[in-house]
Amino acid sequence: MPFCNIRIVKEVIAADPVGKKAAIAKAVSQAIRNATGVGENDVWVVFEEVVAHDWYVGATSVETLRGGK
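Take the sequence shown: its position 14, counted from the start at 1, is 14 in the numbering used here, and no numbers get skipped.
Simulated from the structure, these hints should not be mistaken for laboratory data. Incorrect hints may appear among the rest.
Claimed, not checked - No farther apart than 25 Å at their CA atoms in a straight line, the calculated lysine-lysine pairs in the BS3-like style are these:
hint: 1; residue 1: Lys10; residue 2: Lys21
hint: 2; residue 1: Lys10; residue 2: Lys20
hint: 3; residue 1: Lys26; residue 2: Lys10
Claimed, not checked - Ranges of calculated distance between the beta carbons of each label pair, as one might list FRET restraints:
hint: 4; residue 1: Arg33; residue 2: Gly68; range: 34 to 42 Å
hint: 5; residue 1: Asn41; residue 2: Val12; range: 22 to 30 Å
hint: 6; residue 1: Glu40; residue 2: Thr60; range: 34 to 42 Å
hint: 7; residue 1: Met1; residue 2: Lys21; range: 14 to 22 Å
hint: 8; residue 1: Thr64; residue 2: Gly37; range: 22 to 30 Å
hint: 9; residue 1: Asn5; residue 2: His53; range: 15 to 23 Å
hint: 10; residue 1: Lys26; residue 2: Val50; range: 20 to 28 Å
We put the CB at the ideal spot given by N, CA and C, even for glycine.
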């Protein structure tokens with residue numbers, strides 16, 4: 001069974017985390033099902049939310065890149 005672990009900056013989905021996760025999971029699982037032919041309940045999707053100040057691009061936090069600090 002395919003397992004997809006999605007790490008996402010928490011603030012990106014803050015406006016509607018449940019709805020956005022559901023939409024992402026639907027699209028990702030559909031793409032995996034289309035590519036592999038596995039069943040709908042055979043694709044697992046797990047989300048890990050990371051706050052912007054803990055996610056870095058090189059030596060700079062995403063929070064800083066977005067002008068937060």
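Evaluation of the provided hints:
| no. | hint | verdict |
| --- | --- | --- |
| 1 | Lys10 x Lys21 | holds, 11 Å |
| 2 | Lys10 x Lys20 | holds, 11 Å |
| 3 | Lys26 x Lys10 | holds, 19 Å |
| 4 | Arg33 x Gly68: 34 to 42 Å | holds, 37 Å |
| 5 | Asn41 x Val12: 22 to 30 Å | holds, 27 Å |
| 6 | Glu40 x Thr60: 34 to 42 Å | holds, 40 Å |
| 7 | Met1 x Lys21: 14 to 22 Å | holds, 19 Å |
| 8 | Thr64 x Gly37: 22 to 30 Å | violated, 43 Å |
| 9 | Asn5 x His53: 15 to 23 Å | holds, 21 Å |
| 10 | Lys26 x Val50: 20 to 28 Å | holds, 22 Å |
Violated hint for the displayed structure: number 8, the only one.
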